[in-house]
Amino acid sequence: MKPPITLLVARARNGVIGRDGRLPWHISADLKRFKALTMGSAMVMGRKTFESLPGVLPGRRHIVLTRDPNWTAHGAETARSIPEALDLAGEERVSVIGGAEIFAMVPAACRKDRAYGSARGRCGRYVLARSA
Numbered sequence: 631m632k633p634p635i636t637l638l639v640a641r642a643r644n645g646v647i648g649r650d651g652r653l654p655w656h657i658s659a660d661l662k663r664f665k666a667l668t669m670g671s672a673m674v675m676g677r678k679t680f681e682s683l684p685g686v687l688p689g690r691r692h693i694v695l696t697r698d699p700n701w702t703a704h705g706a707e708t709a710r711s712i713p714e715a716l717d718l719a720g721e722e723r724v725s726v727i728g729g730a731e732i733f734a735m736v737p738a739a740c741r742k743d744r745a746y747g748s749a750r751g752r753c754g755r756y757v758l759a760r761s762a
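All letters in the sequence shown, in the order written, are residues 631 to 762 by our numbering.
None of these hints come from the bench; they were simulated from the model.
Mixed in with the good hints, there may be bad ones.
Unchecked claim - Taking lysine-lysine and the DSS-like style, the derived pairs with C-alpha atoms no more than 30 angstroms apart in a straight line are:
1) K678 <-> K662
2) K678 <-> K632
3) K665 <-> K678
4) K632 <-> K662
5) K665 <-> K632
It should be emphasised that the depicted structure is a prediction, and the values quoted were computed from it without experimental measurement.
Please take these sequences and the hints and turn them into a complete structure.
Have a look at this one:
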């Protein structure tokens, strides 16, 4: 049996998850929790989320969903769909980390954990909350 899929979403109360391709806040406790929850897992993310990272995060696989068959990046494995990403992950624990389009692709039946943050100011990217 494959391990459950965990969705990690840092979002403000109004649903904002990003602005200009980045997290719109920096909360140390959120980042530490993110590290603890994703360490040792296969992280599944979109290309924009991967490119927003400060680099390849140690101790985790980076599986990047992209529509561009020619896209490559050091430290990233590519997939064209959630099922393909899950096949690449195999028996590893999977952490889906964003962005909004990727969260929308994950089947509603998956187990979901959410890490919420708070934001100040104007933001731009939203994700609709779904009940687990």
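A quick look at each hint next to the structure:
no., hint, in the structure
1, K678 <-> K662, "22 angstroms, holds"
2, K678 <-> K632, "27 angstroms, holds"
3, K665 <-> K678, "19 angstroms, holds"
4, K632 <-> K662, "26 angstroms, holds"
5, K665 <-> K632, "22 angstroms, holds"
Checked against the numbered hints given earlier, this structure breaks none of them.
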